[in-house]
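Visitor: Model the full structure from these sequences, guided by the hints.
These protein sequence lines are chains F and Y, in that order. Numbering-wise (this note's numbering), the first sequence opens with residue 1 and increments by one. Numbering-wise (this note's numbering), the second sequence opens with residue 1 and increments by one.
No lab work stands behind these hints, which were simulated from the structure alone. The beta-carbon is built from N, C-alpha and C at its ideal position, and this holds for glycine as well. A couple of the hints might just be wrong.
[What the hints assert, rightly or not] SDA-like mimics (lysine to any residue), calculated; alpha carbons at most 20 Å apart, straight line: (1) F:Lys428 / Y:Ser131; (2) Y:Lys323 / F:Thr94; (3) Y:Lys380 / F:Gly162; (4) Y:Lys380 / Y:Phe311; (5) F:Lys428 / Y:Asp108; (6) F:Lys204 / Y:Lys323; (7) F:Lys204 / Y:Ser427; (8) Y:Lys583 / Y:Thr495; (9) F:Lys240 / F:Arg259; (10) F:Lys428 / Y:Phe311; (11) Y:Lys583 / Y:Asp600; (12) F:Lys280 / Y:Glu647; (13) F:Lys204 / Y:Ser317; (14) Y:Lys323 / F:Glu300; (15) F:Lys302 / F:Phe456; (16) F:Lys204 / Y:Arg322; (17) Y:Lys583 / Y:Pro474; (18) Y:Lys323 / F:Val496; (19) Y:Lys380 / Y:Arg367; (20) Y:Lys583 / Y:Glu484; (21) Y:Lys323 / F:Gly133; (22) F:Lys240 / F:Gln140; (23) Y:Lys323 / F:Val209; (24) F:Lys280 / Y:Pro33; (25) Y:Lys323 / F:Glu141; (26) F:Lys428 / F:Lys383; (27) Y:Lys323 / F:Tyr203; (28) F:Lys204 / Y:Pro464; (29) Y:Lys323 / F:Gln140; (30) F:Lys280 / Y:Phe38; (31) Y:Lys380 / F:Lys240; (32) F:Lys383 / F:Lys280; (33) F:Lys428 / Y:Glu37; (34) F:Lys428 / F:Asp340.
[Claimed, not checked] Covered stretches of chain F, going by a simulated chain Y footprint (3 or more residues, C-beta under 8 Å): (35) 39-46; (36) 390-396.
[Unchecked claim] Quick partial rundown of chain F residues pointing at chain Y, CB under 8 Å, derived from the structure: (37) Glu158; (38) Gly173; (39) Glu212; (40) Glu260.
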Amino acid sequence: MNPRLAGRLAATLLLLALGVGRAGAQDLAAFEARTTRHVLDNGWTFLIVERPVAPVFSFATLVDVGSAQEVPGITGLAHMFEHMAFKGTPVVGTSDYEAEAAAIDAMEAAYQAWQEERMKLEPDPEALERLEGAFREAQQEAERFVVPNEFDDILSGEGAVGMNAFTNTDQTGYFYSLPANKLELFAYMESERFLHPVFREFYKERDVVQEERRLRTESQPVGRLIEQFQATAFVAHPYKQPVVGYMSDLQSFTITDAREFYRRHYAPSNMVTAIVGDVKADEVIPLLETYFGRIPAGEEQKPLRTVEPPQIAEKIVRLEDPSQPVYVEGYHMAAVTDPDQPVWDAIDDVLSGGRTSRLYRSLVRDRRIAASVGSFSQFPGSKYPTLWIAYAFPTPESSNEEVQAGIRDEIARIREEPVGAEELERFKTRAKAGLLRSLRDNQGLAFTLAQYETWFGDWRELFRYLERIEEVTPEDIQRVADATLIPTNRTVGMIVTEGPGDASPEGR
Amino acid sequence: MRTVRSLVPILLASIAALPSAAQVERPEQLTYPPLPEFDVPSPTRVELDNGMVVILLEDHELPLVDAVARIRTGSRLEPADRVGLASLTGSVMRTGGTESMSGDEIDDFLENRAASVETGIGTDAGTAAMSSLVQDLPEVLDVFADVLRHPVFAQDRIEVAKAQARTAIARQNDNPQGILFRELGQVIYGQDSPYARDATYATLAAIGREDMLAWHERFYHPENVILGLVGDFDTDAMVALVREVFGDWQRGTEAPEAAATWREQPAPGVYFVDKSDVTQSNIALGHLGIRRDAPDYYAVQVLNELFSGGFASRLVSVVRTRKGLAYAVSGSVGSDWDHPGITQLWMSTKVETTGAGIEALREEARRLTTEPPTEEEVAKAKQRILSSFVFNSDSTREILGQQLTYEYYGYPLDWLDRYAAGIRGVSVEEVRRAAAERIHPDDLSIVVVGPEEGMDRPLSDFGPVTAVDVSIPPPPAAPLEVTEASLAAGSERMTAVLDAMGGAEAVAAVDTVVQRGVLSAQTPQGPMQATVESLVAYPDRFRQTMVLPFGTLITVVDGESGFRSGPGGTEELSGEALEDSRKARGRNLFVLLRRYLDGDVRAVATGEGDVVLQGGNDGVRLSPEAGTGLPGTLTYQGNDFAGTPGEVRISFSDWREDAGLLLPFAASATFEGEPLWDLAVDEMEVGAELPAGAFDRPAE
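Guide: In structure tokens, the structure reads:
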């Protein structure tokens, strides 16, 4: 640990957090001195933050691709690719890559033949059986060369922790932490996995992803509701599709589809990696050039054409389900890059931030009609125009109708009366402190910086955000709420208890 | 081959700056410099005169201070008829305010400063946490101490916490994995073990404010508290500040009791929970595990690592990667600090591969002895644990948390160092012995939560099957306590009900009510519809006319007598029939409310927020509707159409305003929970002049 550096960092952030003046250009400049942005010739953007408090570092790689880049037939493929990124490289995870690559190609040909028959209007049962048998045989042949989970094995053997990845509507993220002396291992593994993707064990892993869908979506009441809610709120934009994909697609997309998806979306210009911890930028950058510089530039990602049309009618989804009531309502709003985003954050803080919030005090504390209540903007995604949602879990003595009325009352107040000075001040204090607290976690900071860089093309927007929230006024809140939180812009979703699960005291 | 990397000694760095082969073929060829010297920050331990242990660790990176405390208490010490008491106490301690500040004042105070104070009580410990910007520290620490020392458990916040706890109970069967681990705990520890039991509506209803005050009085004393502080402070100054706010806290009298019990005997067999709304079976195999101070603890940790620690482990490689049976699969010999954990293997898989899934888990448990861990597996597992060891100390908050844990459970404070040494010293033989001694495939209880239909194999293939009933026991009817307090609360609640309807004055002005509508009833002869009209003249006259397919039925109660007339003629009411009709008259919503206002019935508050209206040898429970406060339901002992006695519940809805009052235009009744009738009112008149002779007997 370098106490001098840590002390300087602390002093800077102290000013920043306490709002001594505003988080001005001075403060940003001081943080900037510890942050290096480096773009490789192939377009891959790296952010390096020197935070030498313990001999470790974390990184987060964000690829600017998610389920919003999928079209019917390949839904779930962005997430599937995320799973494949753990399957290794031509070197890691195989006993003989040349033979394996040929076997994978043969397996893919066999799969395509089987699938072609399967998709016919009237498949020939005999041919089906024969083609499936041929595929299973080719699959076994390809598996002969697999050294299972070697990618993971090597990293955890060298001390990697928190290794994981995620896919959402907009982004695919990969992350873990390593001891500080294993920086080159990071550079090797993370460049290799995207330099030569292998589609090892693709169809086995597709089975695993189907289980993930059953686990998270089909077997969870809220999972079932949210899938229907999203599909209803959006009519045209791919935000209507579930990130995990539809079961029919999970049972039919192919290695060929995945290769094409990789070619289109995994160009270095579409990727940002942030590294935070006990690292020095001037030592990191040569490694990045050496390892990540090998990846060819690829093609620029094409922008999405479809824009969600304005909603003209209120929509309601009632899911009759043998589980307890859940209520959610959503309103279309702008993308995260919109200048009004801080206004939405203020609305959320006033409505549902903590025990002082209006929804908590009204629905949970005073009327006891909800066990918990919340609201947030940017659902299900952030990059494209999206939704603001409010939700509540009714108490057994209450109902969806009651919490709906309670939420509507508070939305009406937000629209009709200016928010008080104390509430707005509280929002600003908490937003600043929240940012401050986020700075003590390498992994969280890496993730946040990469996200701002991906959204805005400039990580410094994270700190400029503090200036933007200072400018939020009660009038802004009324203006934004009044334009957005209106019935024709609304989608309602609820679970209505039906069947054997009705175990509430009222139901007995 | 070496290349440029961070933290290499200067000499090597200069060599690497020369043009050189850019990279290696395989990752094993990479070489690494030693991890930089790192002095793990070491906390300071101070014991106050009153016995409170304080552990402090400075961290000046950011202007923040955090506190965490452990308190010697836990839900395992609750009485069996008050399960949920510890959890409620832990929550309301913070929300319910203190002697000097209300819960609301604390919320405002903290949130205006982006600070937090939170409390809770788990199975074997109580916790309290604080986070503050350094500028607000003294004031926030004051609140933190106040919450720990002087909570008042305000009744309204108890009601909020109870409503939340009831919500959790109502939803406890919605999530299949929630059911799986709850039932696994009950099968392994035994249903009544404090490590497995859960709150029910009945145990929640039995908990009162006095229980929470007593709980606090019993456990919350300085000698039971270990306080940790980390952040931007000077240790000596902070100790002085802690003395200021906690120094005069007096020691208590009673030491907490020792730990509770669990079942020692394994309970092999299959325990099946039928859940039809999921597409997977959730499977867990388990038996009792070990304590962390077991002599072979380190060998067990190495065993767990090679068995299920990450993708390359046995369980994940076989069940997920090779067989594609599951997304989620895991297993370990479980350990806890001061009681045995649960050794378990679990997964979720599509219904069609339930049998294959159970078989795969059981096979992996057996294979630990039939194909014991190899030298390579053990070496790799040890390496995985040790190479990531620095992450146990990479944040001051983590270091402090560990110190608190060791102190609380009485483990040596250098336990982490011992742990590293212990892992290093584990031999292959020890791991094999741990595998043989700690996992007993034949003792494993198998819990399955999923749909009954569609499994690849019958569950009876895996042992005798016990069907587990997870239906939620309904809330008990609380015994009614007539006390000064319950009467005062009852009248307060009735005022609220009357206010919600339009005020006592408006209700008191109601002398007559006429209602006309359609009644749909479930009779023993099947569903039936009738046009109904009812006339009420307060205080004692009532007529109901029902037009049925086979004729018109009229029932009249007038004062002490009554009659019934129909196609078959007119008969005087007497005996039980008269008594029932008189009671029915008295339960009419408006009659009931006027009787209350006139002091004819009294209102007794119940623990559930209802009132029971007692008088004239009848009792009717009125439940105010959450939110509106209107009289939502009336519940009483009545009859169904066949005359069977039982509980009748009438729910009112469709409230409309008339004559300054809110009147219900719809009502529906259940008998013992089953639908009885529904009434849709077309017309309702309040204060109308009633036709002359409305209560007269028809002419013969």
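Visitor: Hints first: check each against the structure and report whether it holds.
Guide: Here's how the hints hold up against the structure:
1. F:Lys428 / Y:Ser131: 17 Å, holds
2. Y:Lys323 / F:Thr94: 18 Å, holds
3. Y:Lys380 / F:Gly162: This hinted pair holds, its Cα atoms lying about 18 Å apart.
4. Y:Lys380 / Y:Phe311: Judged against 20 Å, a Cα distance of about 13 Å means the pair holds.
5. F:Lys428 / Y:Asp108: With a Cα-Cα distance of about 15 Å, the restraint between Lys428 of chain F and Asp108 of chain Y holds, given a limit of 20 Å.
6. F:Lys204 / Y:Lys323: Holds, at about 7 Å.
7. F:Lys204 / Y:Ser427: Violated, at roughly 35 Å.
8. Y:Lys583 / Y:Thr495: Roughly 24 Å between the alpha carbons, so the hint for Lys583 of chain Y and Thr495 of chain Y is violated.
9. F:Lys240 / F:Arg259: 24 Å, violated
10. F:Lys428 / Y:Phe311: 43 Å, violated
11. Y:Lys583 / Y:Asp600: Holds. Lys583 of chain Y to Asp600 of chain Y sits at ~13 Å (cutoff 20 Å).
12. F:Lys280 / Y:Glu647: Distance ~75 Å between Lys280 of chain F and Glu647 of chain Y Cα, so the pair is violated.
13. F:Lys204 / Y:Ser317: 12 Å, holds
14. Y:Lys323 / F:Glu300: Not OK: Lys323 of chain Y and Glu300 of chain F at ~38 Å, beyond 20 Å, violated.
15. F:Lys302 / F:Phe456: Holds - the C-alpha atoms of Phe456 of chain F and Lys302 of chain F are around 17 Å apart, at most 20 Å.
16. F:Lys204 / Y:Arg322: Between Lys204 of chain F and Arg322 of chain Y the Cα gap is close to 7 Å, so the pair holds against 20 Å.
17. Y:Lys583 / Y:Pro474: At roughly 28 Å apart (the allowed maximum being 20 Å), Pro474 of chain Y and Lys583 of chain Y break the hint.
18. Y:Lys323 / F:Val496: 38 Å, violated
19. Y:Lys380 / Y:Arg367: 18 Å, holds
20. Y:Lys583 / Y:Glu484: 27 Å, violated
21. Y:Lys323 / F:Gly133: Holds, at about 17 Å.
22. F:Lys240 / F:Gln140: Violated. Lys240 of chain F to Gln140 of chain F sits at ~37 Å, over the 20 Å cutoff.
23. Y:Lys323 / F:Val209: Holds: Lys323 of chain Y and Val209 of chain F sit about 13 Å apart, inside 20 Å.
24. F:Lys280 / Y:Pro33: Holds, because 15 Å separates the two Cα atoms, which is no more than 20 Å.
25. Y:Lys323 / F:Glu141: 15 Å, holds
26. F:Lys428 / F:Lys383: 24 Å, violated
27. Y:Lys323 / F:Tyr203: Given that 20 Å is the threshold and the Cα spacing comes to 11 Å, the pair holds.
28. F:Lys204 / Y:Pro464: The given pair, whose Cα atoms are some 33 Å apart, is violated under the 20 Å limit.
29. Y:Lys323 / F:Gln140: Status holds; Cα separation ~12 Å.
30. F:Lys280 / Y:Phe38: 17 Å, holds
31. Y:Lys380 / F:Lys240: Given pair Lys380 of chain Y, Lys240 of chain F is violated - Cα atoms ~45 Å apart, limit 20 Å.
32. F:Lys383 / F:Lys280: 32 Å, violated
33. F:Lys428 / Y:Glu37: Violated, because 40 Å separates the two Cα atoms, which is more than 20 Å.
34. F:Lys428 / F:Asp340: 15 Å, holds
35. 39-46: violated (count 0)
36. 390-396: holds (count 4)
37. Glu158: 6 Å, holds
38. Gly173: 18 Å, violated
39. Glu212: Since chain Y brings a Cβ to about 4 Å from Glu212 of chain F, closer than 8 Å, the hint holds.
40. Glu260: This interface hint is violated because 23 Å lies over the 8 Å limit.
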